[in-house]
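Asker: When you get a sec, could you build the whole thing from the sequences and use the hints?
There are 2 protein chains.
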Amino acid sequence: MTDRGSTAEELASRQREIAVSEFFLKNRHLLGFDSPNKALLTAVKEAVDNALDAAEEAGYLPEVRVEVLPVHGDVLLVAVEDNGPGIVEAQIAKIFGKLLYGSKFHKLSQSRGQQGIGISAAGMYAQLTTGRPMRIISRTSPKTKAWRFVLSIDTTRNRPDLHRKERVEWDRPHGTRVEMEIEAHYQRGMHSVEMYLKQTAIANPHVTLHLSDPSGRTITFERTVRRRPALPVEIKPHPHGVELGRLIAMLRATDAKHLSRFLVREFSQVGSKTAARIIETADGNLTGRSYPRRIAHAQAKRLHQAIQKTRIAAPRTDCVVPIGEDLIVEGLRKEITADLYVATTRPPAVYRGNPFQVEVGIAYGKPGGVGLEVADGGRIRRIEAKHASEELVASADEPARVLRFANRVPLLYQQSGCAITKAIQHVNWRAYGLAQPKGGLPVAPMAVLVHVASVWVPFTSESKEAVASYPEILREIRLALQDCGRRLRAHVRKNRSLKKEFERRVEIERYLPHVGEALQRILDLDDRDRDRMIATLDDSLHHSRSTR
Amino acid sequence: MTDRGSTAEELASRQREIAVSEFFLKNRHLLGFDSPNKALLTAVKEAVDNALDAAEEAGYLPEVRVEVLPVHGDVLLVAVEDNGPGIVEAQIAKIFGKLLYGSKFHKLSQSRGQQGIGISAAGMYAQLTTGRPMRIISRTSPKTKAWRFVLSIDTTRNRPDLHRKERVEWDRPHGTRVEMEIEAHYQRGMHSVEMYLKQTAIANPHVTLHLSDPSGRTITFERTVRRRPALPVEIKPHPHGVELGRLIAMLRATDAKHLSRFLVREFSQVGSKTAARIIETADGNLTGRSYPRRIAHAQAKRLHQAIQKTRIAAPRTDCVVPIGEDLIVEGLRKEITADLYVATTRPPAVYRGNPFQVEVGIAYGKPGGVGLEVADGGRIRRIEAKHASEELVASADEPARVLRFANRVPLLYQQSGCAITKAIQHVNWRAYGLAQPKGGLPVAPMAVLVHVASVWVPFTSESKEAVASYPEILREIRLALQDCGRRLRAHVRKNRSLKKEFERRVEIERYLPHVGEALQRILDLDDRDRDRMIATLDDSLHHSRSTR
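So the protein sequences, as listed, match chains A and B.
Quick note on our numbering: the first sequence kicks off at 1 and runs consecutively.
Quick note on our numbering: the second sequence kicks off at 1 and runs consecutively.
Just to be clear, a hint being listed does not mean it is correct.
Because identical chains cannot be distinguished in the list, a pair is counted as satisfied if it fits within a single copy or across any two copies.
[To be verified] Below are the PhoX-like pairs computed for lysine-lysine, each with C-alpha atoms no more than 20 angstroms apart in a straight line: (1) 236 with 26; (2) 438 with 422; (3) 107 with 26; (4) 165 with 145; (5) 94 with 165; (6) 309 with 273; (7) 273 with 236; (8) 236 with 257.
These aren't lab readings, by the way, just hints derived from the structure by calculation.
Answerer: Right, here's the structure in full:
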């Protein structure tokens, strides 16, 4: 050891526990709070996710109000109010004032929230940037008054710091309202709160959403169906997705006294017959009456292998609730003007034991078509299109717009890192008549909607902006895209031939001057004759091809 | 509420705290454990990061042994051993058996590890996939025996579950050895353990690394310099990077009795004069003797604004230690055969109050050059190149290889989501004579090394595979790339003209048949004359351009 170096004892004195709130405060970009633009959207999204989940779980048709109001300078007030069942007094502080606290993490069931991080992280960001606590009003029944909480998060301990708590009058029969002041920018365009709500409306046609923006404008996205989607059923893990270590932990933790009871109770799709077959395959002195907690490592390993070898029914499908092909087409049609709409809902599949289901919808073409027309003399002309940045269908020479959804929640950031984008890029769209640069998105007047629903969506970060690239998920998305692509082909074909011809001619025109120079030398022409020759060639090429 | 819906009380009964270890176990892809290929590399990386940090902090020249040995089936034994100072008995269990525990999180100082998650997460993955506990041997001095710990992680409580603890003989004077059995694949190529160690050697020329792989092969990357890099100095936050909410929290937490003392003690680059100026600017009844804990919200806000308005010296630069231009060139030269090497180290800069520093090194060209040559008659021919997949310089028609480093650690995954890649894509490489598809990496026989060093590297996920795109970081990388690009230009120019000409001719040849058809109609040629005309045109075009 040299001078300035530390001994093991000195190093030890610096070791400390890190509160999860400190961790995420320092790494707030992991939660989607890396810039004032994104922070607003993330805060709204976390609150709306919770609002929709709560209303649906309680059996209400969700109606959510989002208010974004100017306070001063860069500070905005964000308020989100729902008509859900409300939150009981004892839970309010922890739900909003503690990270990693919630009801959705420990169960396998499709919901928008799953981590127990989002809303308290939004409050933490508010606190960090404006120093202001969150304000929550919640009422569980018209028979009782509402509770009003003012609280912040003690970030060094990850626990709520309650400023005030009181009974108040509130003119809603039940529901929750959360308010926070955050440093943020209200922006327009693809990453705006409005776009987020618009896409939410597409994937949730049973929901009504209201938005009041800082300019005082109010927009309502009205529900188009009054039928609630089925409530997803909560499931146990599927035995084929359980790793050895997890099996060992489950054996240690179970209350079941017998191995066969353990298998039936702790897993989905295992009845007593399947359990018996697993145990028989495992052998190693295991019987249906073996005591789970006493099973040794070597035996657990045999059991794990036996599970892999045994045929077990695929996970039940009612744990995942898709939007459905009809409603996807209806949603697209309502918000996007296009020539053709197609949608596919795949059957449920499984990754790492988690059931999931993929849906794809495509809106193709729009007034103005591919933006090309055949003029007199066979020349193809480009039609001027109005700017499409606010629209959800791209114009003909732009990459297709991608609308990504996970458990009905629109994903607006990290498009390039998302399994959905990768799957779209891996499909050969040329086979369906679309242009596609190598490894890129198809270039077409098109919006591609992809919905991944799962009891546990594997996101690439806690900000839940992109789906991780598990091979099984990539595969299902690809199959759904290909199905839609095939149905698109006939429609695309006529636009394609026009476009291809146009591109060929543009390239020919680019090379004519070079040909002219060469001809001039070979045939010994003067400049005027050369130019005439080029003009004749040009006309001739256009004419010959357009009359074919 | 309708049937099947839950009341607020029912929902409340499901609310639970989530242990951070449970969270990451379920989200293990966030930590880099999403596939058996990646899991091996991540486990090795976390252990090597810790090994290098420990040895350097204690003032030793690091020497690290990595062993990857087959156990059975898909199970590998991973062992990493260092010559660091060892770990004192009381800390071993927590460091390896608890997530979010460590010495590096709470200080602002450049180190490889920073989160206190990595090594315990690797152990958790081992436990999950093989059910086997970690084994640790550590010795702090030749005067004492070593400690041997066998432990796993109680994931529902995030705390170590100690299986055994004993004094043992160990033939090293000091250091730490960690062993775990994990389900993993040993692969070759760009994402291999070998490539990771090779790149580690490039960025850490003072380190010696040994690798034993499952086939029994042993490779050593020997250090090329015996001089240790300077130890980075720990700093306080810079006042310009502190948000209002954090300032308020700091005011509440400080031991300082006076505001001026608080400013001087808790921040870097604030002396008593600067403190006085800040307080004067803030006004609002604040004086140097105000009691920090009693400062109200409105006053804190004035203080925060005053800090932003006051000129304060840039952060001191010795908190970040770059590799240095000479050592980057030396490292590249040692591992990569190329024609030209350039490197740039930027001065330190700041994002969100955190000092950071960017370095870029480029190795350009390799035996075989751009893979083109001028043959007789002016025709340009493609030279067959041997396959370059194992090499770090791309071949002429492939995108440049990107070698990304953060605090001297190679980043092997999530290239497309990394600020480093984005910065390379945003530079206009055409200005330096390189081909570049729109929005893509330059296409050239080239390796681009980028090193981001910081007291706190903002990673895009806990797996620390990509740097988040803070604008200040993107800007510094771009400036460094541009500097290297300018020095590359002269060298590239001669290769470029050859390449450009080649591409032009390929395109001309593609269109000659169309021209031939048109000429045939205009001049009324028969097929033989048409073909002769095309051949003459072809020769003429090649000749005329090659003699220009």
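Asker: Against this structure, judge whether each hint is valid.
Answerer: So, going through the hints one by one against the coordinates:
1. 236 with 26: between (35 angstroms within a copy, 14 angstroms between copies)
2. 438 with 422: both (12 angstroms within a copy, 19 angstroms between copies)
3. 107 with 26: between (29 angstroms within a copy, 11 angstroms between copies)
4. 165 with 145: Within one copy only: 13 angstroms inside, 57 angstroms across.
5. 94 with 165: within (13 angstroms within a copy, 38 angstroms between copies)
6. 309 with 273: within (15 angstroms within a copy, 75 angstroms between copies)
7. 273 with 236: within (18 angstroms within a copy, 64 angstroms between copies)
8. 236 with 257: Answer is within: at 19 angstroms inside a copy they meet the 20 angstroms cutoff, but 56 angstroms across does not.
The earlier numbered hints are all upheld by this structure, with none contradicted.
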